[in-house]
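Q: All chains, full assembly: derive it from the sequences and hints.
Residue numbers (the UniProt record's numbering), protein chains in the order written: chain A, 1 to 316; chain B, 1 to 279.
If you're looking for bench data, these hints aren't it; they were derived computationally from the structure.
Note that the Cβ used here is the ideal one computed from N, Cα and C, for glycine as well.
Treat each hint with caution, since some may be false.
[What the hints assert, rightly or not] Stretch-level coverage of chain B by chain A, calculated; a stretch enters the list once three of its residues show a Cβ under 8 Å from a Cβ in chain A:
no. : region
1   : 237–251
2   : 255–267
[To be verified] Simulated coverage check for chain A against chain B, where a stretch passes if three residues somewhere in it have a Cβ under 8 Å from a Cβ of chain B:
no. : region
3   : 6–15
4   : 235–245
[To be verified] Only part of the chain A face toward chain B is listed, based on derived beta-carbon distances under 8 Å:
no. : residue
5   : Glu-224
6   : Ser-226
7   : Asp-227
8   : Leu-315
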Amino acid sequence: MPHRSVDRRRVLAAAALGRTLDEPGAVPGDGELLQSVTGEILDVSPHLIVIDTPDGREERLVIAPWATAWRGEAVAPADLPPGAQVIIRALRSGRVVDRIWADITRITGVIQSVGSGSGDHTMELYCGPHRGRRTVVIPYRASGRLRVRHPQFEPGYLFDAIGVRENGVAQARLPATSQPPYRWTAVPEPPPGYSGAQSRISGTATWSDAFDHDEQGAAYPMLERSDTDCQEAGVSCAGLPYLALGSVLNVRNVCAGRTSVLPIVACGCMAGRFCDRCLECGTSPRGRIVELSATAFVELGGDLTKGCFNARVGLG
Amino acid sequence: MLTTIAAAQLPVLGALLAAGALAKVRTAMNESEPGALSRLGPAALVVDRWRVPALLGCAAGEMVLLVGLMATGHSLFRWGAATFFAVSTYVLWELRRRRPDVGCGCFGEVSAIPVGLRSLGRTMVLTAMAVGTVWTPPVPGWAVVAGLTWSQLLAVAGGLLVLAALSPEIEEAAARLRHRAPCEQRPLDPATALSRLRSSAAWRSHERLLSSTEPVDSWRELCWRFFVYPGHSHAGDPADVVFAIYLSGRHPAVRVAMVDAAGRPIEIGSLQESIPVSA
Chain A
1 MPHRSVDRRR VLAAAALGRT LDEPGAVPGD GELLQSVTGE ILDVSPHLIV IDTPDGREER
61 LVIAPWATAW RGEAVAPADL PPGAQVIIRA LRSGRVVDRI WADITRITGV IQSVGSGSGD
121 HTMELYCGPH RGRRTVVIPY RASGRLRVRH PQFEPGYLFD AIGVRENGVA QARLPATSQP
181 PYRWTAVPEP PPGYSGAQSR ISGTATWSDA FDHDEQGAAY PMLERSDTDC QEAGVSCAGL
241 PYLALGSVLN VRNVCAGRTS VLPIVACGCM AGRFCDRCLE CGTSPRGRIV ELSATAFVEL
301 GGDLTKGCFN ARVGLG
Chain B
1 MLTTIAAAQL PVLGALLAAG ALAKVRTAMN ESEPGALSRL GPAALVVDRW RVPALLGCAA
61 GEMVLLVGLM ATGHSLFRWG AATFFAVSTY VLWELRRRRP DVGCGCFGEV SAIPVGLRSL
121 GRTMVLTAMA VGTVWTPPVP GWAVVAGLTW SQLLAVAGGL LVLAALSPEI EEAAARLRHR
181 APCEQRPLDP ATALSRLRSS AAWRSHERLL SSTEPVDSWR ELCWRFFVYP GHSHAGDPAD
241 VVFAIYLSGR HPAVRVAMVD AAGRPIEIGS LQESIPVSA
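A: Here is the structure:
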C-alpha cells in the first residue's frame, strides 16, 4: 500500500479520534532548554568555536569554561581538529557550548563475521533491513575494554559500541552496553500483560547516528510488519504497544528530568532485539523502548558516550 | 476388577500420546519464537541443530506407539509404551538434575515451566498404566473404545483425572487464556479490520464521498487501525476521508473524519458516526 506523508497521519488520526495535536519539540518547564547544534568545525580556539552547519550557515558559539569535548577520549575543546563533525550541547538559546562530541558514531547490529589475526580486528555487522551492513574496526588497544562487556565475538550475537569515524572508517572505542547473552533471533518474551496496556512505559532510551542530520525523531521497535515492509519489526522484550510511523511519543529522560515530544520516523527493529537495562540513574526496567536521533538524545540531556538514559515513554 | 481398570487405561494412553505428538510437531514447526526450543526438554539436552529433529523424533515415536496401541493388540507396542514412559521418567529426572530451568516439553511449548515432581509423577503413572496394559487381553485400542462399559468409563475418567492433577500445563494454559495480551500488544491482521470497516454503517454512509474504494494509506496505532481514502467533501472540495476501526470486539467502533488538504477537519454534519462498542 502506498504511504502518504507520515506527518499527515498525525493530523488524520487526531481528526478521527478527536485528539489534540501536540507539536513535536521540547516540553518547557524542566529547567533551561538544551539545544543541539551539529556541523563541521571551521575553526576552534579555547573560547570560541566556528562551525559550518548542514544547511550552510556559519555558527559562532562561545565555549563555556566548564565545557568538555570527546573524540575517542576526553580532550580539551581547543584540541579538536578543524574538519571534524561535531554535535554540540548548547545553552542560552544555543549560543554557549556545554559539551562537544566530535566524529562520534555508534555501531549497533548483529555480528556477521570477525576478521582473524592479532592486532586490530575488522568486524562486519548487519544493522537491520533499513540500515544495511557496516564494517567496524576494533583497535587492539580498545579490544580488551570491549571484550569485557562483549564476550561473544561470534556471528549471530549482538554488538553495540560507541566509537569515532576516522578517514571514513568507524573505529569502536567504548562498549555501549553489556552484550545480550542470547543470539539476535532468540529475544526473550515480554512479561505477560496482566492489566491491559500501560499509558507510560519505562525502559531504556538509546541513540543512533542512522538518522538524518538535525532530525528530531525516534525509531520504535513495535511497528506492524505489514505497515512498514520490515519483516524484523514487532520484536521487543518490553511489552510495548503497537504504534506506527508518524505516531508521536512523549519521551521523558528520568535521569535529567527533561521531556520531549518526538515523532516516530523509523523502524527500530534492531533496538527491539536488545533486552538490556540502563544504569544511568538507578536500574531501568529491561528493554529498549525507543532509539533517538543524536540531536534529540542530546536535547533530552543524554550523554552520547554513555549511550542510554532511563526513559519513560507515552503516546502524545 | 484390576484387569478392567488396566484395560481401560489404553484409551487414556492413546489420548496422551496423540496430544503429546501433535503439540511437539506444532512447537517444532512453529518458528514464531526462535530459540524457544532451547528451553524445552529433551531438545535442551542436545546441540542447537539437533533440537528440531530431537523433538520431531520424539513425536514420531509417540505416533508409532499410538497407532500400534490403537490398531493392534500386539504386546510389542504395550511393552514399547512401558519402555517409552520409563525412559521418559529417567530423562525428566536427568533434566531436572542437569537443567533445572527448562521445561519438560511433553506437550510442546505449553510445558515450558521447569520440571517438577508433578511432571515426574505423571510419567511414573503413565509407566504404571502402560505396564498394566501388558497383562490385559490382547485387543486393539479401538475395540476397547468401541466397547467401553460404565465401569470402564469410570476407570478412564479416573485415569484422566489423576493425569490432570499431575499436569502443570493445565494451569499454564488457563493462565494464558486469562492473562491474554491486551489488544494494543497483539499483532492483528489489517484485512480483518478492513472487512469490519466495509460492513459498518460509517462506511455505507460515506462510501459515496470516496473517489476510490482502495485506501491510499493504512496504519495501526494502539488498538486502532486507520484507513485513508481520497474523497471529496459535501461541498465538492477534495479531502481525505479517514476511518478509524477499533480492533477488539465483535462489533467494533468505527470513527470517521474528513480532513482537507491543509489539515483542517471538515464538519461531517448529521451523518451517522459509528456503531456502538460492545467490546
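Q: Okay, which hints does this one fail, numbers in order?
A: none
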